[in-house]
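Enquirer: Chain by chain, the residues run as shown.
Protein chains: 2
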Amino acid sequence: MSDGAAGKPGSLLIIGGSEDREDARHILERFVTLCGGPAGRIAVLTAASKIGELVWQDYQRAFAQLGAHHCVPIHIESRAAANHPAMVAAIDSADGIFMTGGDQKRLLSLVGGTAVAQALHAALARGACVAGTSAGASAMSDAMLTYGRARLKPVKGTVGMGKGLGFLHGVIIDQHFSQRRRLSRLLTVVAQNRSLIGIGIDEDTALLIGAGEGIEIIGAGTVTVVDGRSMVTDIDSIDPRAVPEMLDVRLHILPAGRSHRIAGGAQPGALSDFLHLATRIVQP
Amino acid sequence: MSDGAAGKPGSLLIIGGSEDREDARHILERFVTLCGGPAGRIAVLTAASKIGELVWQDYQRAFAQLGAHHCVPIHIESRAAANHPAMVAAIDSADGIFMTGGDQKRLLSLVGGTAVAQALHAALARGACVAGTSAGASAMSDAMLTYGRARLKPVKGTVGMGKGLGFLHGVIIDQHFSQRRRLSRLLTVVAQNRSLIGIGIDEDTALLIGAGEGIEIIGAGTVTVVDGRSMVTDIDSIDPRAVPEMLDVRLHILPAGRSHRIAGGAQPGALSDFLHLATRIVQP
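Protein chains in written order, with my numbering: chain F, 304 to 587; chain Z, 304 to 587.
Think of the hints as simulated: they come from the structure by calculation, not from any bench.
This structure is a prediction, so every number in the text was calculated from the model and none was measured.
The reader is advised that the hints may include incorrect statements.
Because identical chains share one entry, a pair is satisfied inside a single copy or across any pair of copies.
[Claimed, not checked] In silico DSBU-like pairs for lysine-lysine, Cα to Cα no more than 35 angstroms straight-line:
no., residue 1, residue 2
1, Lys466, Lys456
2, Lys408, Lys466
3, Lys456, Lys408
4, Lys408, Lys353
Full structure from sequences and hints, please.
Expert: Given below as C-alpha cells:
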C-alpha cells in the first residue's frame, strides 16, 4: 500500500510530460516513494500510447534504476481487454499505477467506463497513488481537453473537450504547458467553461495532490492555475473565432518546491478555493 | 487642436509596434482623427531611432495617404537639440505628436528631462494627442521597461527598468506583447514591483486613453493587463534567477474593439481600479 494509512484515500501525481527518466528522476523517485518505496508494486498503464511495449520498457528501466523492480505493464488494445479480470487484478494488486503519455482520447476510448477505470478509482480510494504524465495527466479530470492548437490569444471555439477519468471535478488539466505555450488555449477553455479551473503543468513538473490534505509542486517548472469563476466576459455574444474580452481572471503561478496544505494555510482566498477543489478526489 | 474642447486634457495613443502603415491603417487613421482630421498638424518625433530620417519618410508617406499633409519631423540627435527652442516650437504647434519605435533607452537618454519632454507634457495638457509605438509606447509611463528577454516563466532579477517620460504613473508598458511572448517578463516586473500594473500591448494594436474618461482598444490584437497589487508572492525570499510563487494575480484580456468608460461603467472592481489609474495622465 501507499505511504498513507490503510483506508485513507491516496494521491494523484499529475505530470506535465517529458519527466526526467534518465538523470535525477525526481518525479519518478517520488512516485516510487508514494508506492511505499522500492518494494512497492507498480502497474504501468500504457493504453494512451500506440507503442505501449516500447513505452513500458522505458519506464521499467527507469523504475529499476530507482530500485523498484516489482513493475508490471498493463497493455490495453481493446475495450474487451479493459474489462478483463486479469487487467483489473493487476490494478487491484498495485500500490501505484502510472499512466503513460500518448493520446488522452485513445486512453479514454479504450478505458473510459470499463472495469479498469473502476479499478483505478478503487485504487485511489484504498490509498494507492495514481500518476499520469502528458495524456495520462489530461485524462485525470472529469472534463478533459482533447484538442486546440496553441495561439497567441484566446479565440472562441478553438478548443475541444471530452470526458476524462473523473478523479477530479471542477478542473481541467493541460500539460507541456509553458514549453508549448498553452496559456491562451487554457484561457479559451476557461472563458467557455466558467465553472472549470484551468491547471497548466510544465514539462518535468508534477502537481501532487493528497486527497483532502493539500498540494505540492515537484520537478523543474511551474504549475499555472487559471481561475475564471468570477471573471466577466463577453464570449457568449461574440462570433466564433473572435477574441473574448476577459476581465478579472485570477492567476496563480506555483513553482516547483512549493506546497500548500488546506489545514492551517494562510493562502489568499482564491488559492484556498482552488485547494479545496483540487484535493476533493471524486469517487465514482 | 484635438477633437476635444480647448483646455481639456488630451489623449495617449499607446501602440504595441508594427502598426499597419500600408493597408487599412486603422490606428494611424485614428491618430489623424485625434489630431483634428487631415488638417491637423502632426509632429513625428524620431528620437528613439538611429535611422530617424528613414522612419520619418515612412510615416510621412502613411499620413499623406490618409490625407494628412501637415507633418513635420523632429529629429533629435543630442540633448542640446532636445533643449533647442525650434524643437520645442515644433511640438508646441502640433495637434498631435507621434513617437516612433527604436530604443526607449535612446529616446529617454536624448529627451528625458529636457525642454522637449516638458513640451510633450504641455501638449497633453492643452488637449493634443501624444502617440507612441513600440519604444515610443514603452517610454510613456514613469517606470519604463528597458530590458529582459522573453522566458517561459517569471524569473527573479531578469528585467531592467528605467525612468520614462511619465505621462502615466503606476503602470508599466510592454509592446509586441503576444507576438514576442512577453507575459512572463511582465509577470516578473509585477512580482518585483507590486505597485505597478503591467500593460502588454500586441502588435498593430493600440490602447487609447482619454484623460479622465476611459480607454478604448483599437487595431488587430489584445491589450493584456496584469495587476499584482493584491498578489501574494515569495519573491523577496528567493534567490536571484529563481522562479517566484505568485498567488492571486489579476489578469484582464482586452481585445480590440472594446472600450470602457469610467463614468457609468459596470466593470468588475479590479478593472475599475485600473481605469482610474490609467486615465490619470500626470502633469510634471
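Enquirer: Against this structure, judge whether each hint is valid.
Expert: Evaluation of the provided hints:
| no. | hint | verdict |
| --- | --- | --- |
| 1 | Lys466 to Lys456 | both (25 angstroms within a copy, 30 angstroms between copies) |
| 2 | Lys408 to Lys466 | within (9 angstroms within a copy, 52 angstroms between copies) |
| 3 | Lys456 to Lys408 | both (25 angstroms within a copy, 29 angstroms between copies) |
| 4 | Lys408 to Lys353 | within (12 angstroms within a copy, 54 angstroms between copies) |
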